[in-house]
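J.: Residue numbers (the numbering used here), protein chains in the order written: chain H, 1 to 400; chain X, 1 to 481.
One thing to keep in mind: the hints can contain errors.
[As the list claims (entries may be wrong)] Derived contacts from chain X toward chain H, CB cut-off under 8 Å, selection only:
1) T163
2) A354
3) L355
4) L358
5) V388
6) Y411
7) W415
8) G427
9) L428
10) Q430
11) M439
[To be verified] Straight-line alpha carbon distances no greater than 27 Å define the calculated BS3-like cross-link-like pairs of lysine-lysine that follow:
12) X:K254 / X:K208
13) X:K187 / X:K331
14) X:K331 / X:K466
15) X:K38 / X:K143
16) H:K158 / X:K407
17) H:K46 / H:K236
18) X:K407 / H:K160
19) X:K249 / X:K239
20) X:K352 / H:K119
[Claimed, not checked] In silico negatives: residues of chain H with every beta carbon more than 12 Å from chain X:
21) I68
22) R269
23) K286
24) K324
The hints are simulated quantities; they were obtained by calculation from the structure and are not laboratory data.
Just so it is clear, the structure is predicted and the values come from calculations on it, not from any experiment.
Glycine included, each C-beta is placed from N, C-alpha and C at the ideal position.
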Amino acid sequence: MATGIKDKVAILGMGCSRFGERWDCGTEDLLTEAFQEALKDAGIEKKQIEAAWYGSALDRVNVGNSAIPLSTALRLEGIPVSRVENMCATGTEALRGAVYAVASGAVDIALAIGAEKLKDTGYGGLPVIGKGTFNDLWMPYGSAPAGFAQLAAGYRAKYKVSAENLKKAIGRVSWKSHQNGAKNPKAHLQKAVEMETILNAQIIASPLGVFDCCGVSDGAACAIVTTPEIARALGKRDLVTVKALQLSASAGREQSTNQWDGSYVQNTRNAARAAYKEAGISDPLKQLSMLEVHDCFSITELVTMEDLGVSADGEAWRDVMNGKFDADGALPCQIDGGLKCFGHPVGASGLRMVYEHYLQLTGRAGPRQLKNPVMGLSHNLGGVPYNGVCAISIVGLEGA
Amino acid sequence: MADSPRTGIKSFGAFIPRRRLQRSAIAAAHGWAFPALKGLAKGERSMCSWDEDAITMAVEAGRDALRGGSAGSIRSLTLASTTAPYADLNNAVLVGAALQLAPSTASSDATGSTRAGLSAVIAACRSGDGEQLVIASEKRQAKPGSVLEMQVGCGAGALGIGTGEGVFARFLGSETVSVPFFDHFRKSGSDFDYGWEERWIRDEGVGKIVPKAISTLLKRLGLGADRITHFGVAGGPSKSDIAVAKALKIAPEKILPDLQATVGDTGTAQSVLLLIAALERAQAGDVIMVASFAQGCEVVAFEMLAAAPATGRRGLAGSIASRIEETAYLKLLSNDGQIDLDWGMRAETDHKTALTQLYRVADQIFGFVGGQCTACSTVQFPRTPSCVNCGATHTQQPYALADEPAKVATYTADWLQFSPSPPLYMGLVQFDCGARLLMEMVDVGPSGIDVGTPLTMSFRMKERDKLRGWDRYFWKAAPAA
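Model the full assembly from the supplied sequences, consistent with the hints where possible.
T.: Here is the structure:
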């Protein structure tokens, strides 16, 4: 009988590069920046790492495929290094690999690291992808915002929310993240923005304007994990442990049958249900201290509040307007600025979310520190709402 | 007249691209250099969107003609066009695949002159070999600033021709003249026509060659010119039809509308569209006479046995009525590749097509045939080994989606992704039969779309592989007219 991952693996150290337009460095520099911080935080030497998982999503346009870009950059010689990819949920996949390796007893200490060097691609926004065969013959190439913008159409139709009210609510989502991002020195975008500016910005994919879309950034984030026993033996106190790691992938039902109404993300609901079970959570609004969700677009964050069960269905737009997810709200969300302002270097994002929880749980979040957090949920989406993946990781204080 | 075997027209269909460019917009754009164009700046002409060509229009006209009939009974398909995209590739086979004609259908391209449309109709009437589908389709292009640019249009017409029951317009006969009167030409590989003076073409060409051919045909059929109820001339300068009618003493009210005000001159398709215009208004006993002028002429005569039966077809009248007014002249140039706009990096994507893959799924891509699971009845696209709903393996039976009613489930207007006609409307299309897929939405007019907007399917180009010269075709959804 499977017992789940809860409290079997502890975070020994974490690191995260500054995100943004890193014209100054390549992928190897970003990886090194995040790794050095994590190594120092863990208080170990590199040679103690026994296996590594490397997440990068867009090999065609930046860092190249295979594990070699990582093993070469960090000179991880003679240990197993794997590269994983699951679109924008890649970072969480890297963490899952490392955590499972430790939990299985195969290794004592493992590394999870994700990176993306998007600003070498020449694109504003994500590069054009899609070089399969069959799908290319029939599926339109929409941009990433076009994939998520359709949630707005589905949501409006289902809950009879006026276009104006929904536009304001998603604008409020981004406004809140800008407020938070302004307090994060590692964030890509560190400026608060007025609602009026957000609402009147150029349309990218209706109804999403430019401020409804996250920053596309360079960056890397890293975790070193081990067992709670080893962590304690290494002198660590007040451990942050992994409570749940879950993943759900589309099998076609949403985009190929009439069983989805366009107002939510089924993968998030699947992964959340499993993660709450694994972590022993029955009331997420009460038991979770903070959320880092995949706010690639403002509308995504809005429906995610319902998918995670922290807003009632059809109510998230009102909850957002009432400040429920603000830094001083009932459940702070994107306290580090989120993808919106911290940025979204695809392969790194899942680990960046966990990094923020780790800082908050260890009381090191500086001016944005929340009061006595015990548990945080990271939500990492890949693909599009009707055809994608969702990875959820929950970390918290040991015993919480 | 009733003695000859009952061969003739059993069905018809038409398609005119919905975009109608205002001639005033063309004239305004060229006013600085060619102020005289203002004199021609009346009415509108049809223009193809970037994703429409002679093949896609032929498919739409063919579907219209097959409405209420059976694609499986068609024995031969002829595609007449001087602008079919491929020089070495049977364009008709591609059209037939989209129409889901049987693989045993004889398929051929007819080309070489704008007369090819009527020639193909006559050949089909003369062959008497089972059910035949003749489609004439033309995407006409003209040099910017030319008079021709004001006159041409794009469109397609289709005729189902056969023998016996179902024939409502009996083929009476035809006449052909082949003479080296070269009013215009276009060399292989060239984009544009080169033409001679209109007055010479009208007076020495159409004015002498066509009346003579018609007189010969009338004499052979034992008919007087006064028996002609519907009369049209394709291929000459404007008002050629009036001149020919006058020469033959055909009353002016018998002359069919020349489509200049609404569509323009559609080249190879024009004679077939004129025939269709006649079929749409003719009653039992009426005689239709249509000529197509080019290096001589073809003339054909039909006698209506009964008014055309209603099939729910769009027809020519319906196609003309289904329109979106267009005033952006530069869109015409961009669609036709006559100006190369800076579309940015997102337009650089390589669209190489695996021809192996395309052949494996040809019925899905060209015919829009999905699958229905025999275990749970779910209709789905694409058709893959395991059912999307119940997971049963190898239970998919072909299920055609092109004519199934559908609605918008989700949508957005994407201004970021490259589209030659921004914004790219896309979203999930929900078919009433249960199938659902992500599709591009086209021909969105000023009233826009929303969740629930009814959609019809339209065969279009999906992407163009400019590096290799290959066009991907698939279906897109358009707001129902």
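J.: Against the structure, test the hints numbered earlier, and report the numbers of the ones violated in rising order.
T.: The structure conflicts with hints 1 and 3, although it agrees with all the remaining ones.
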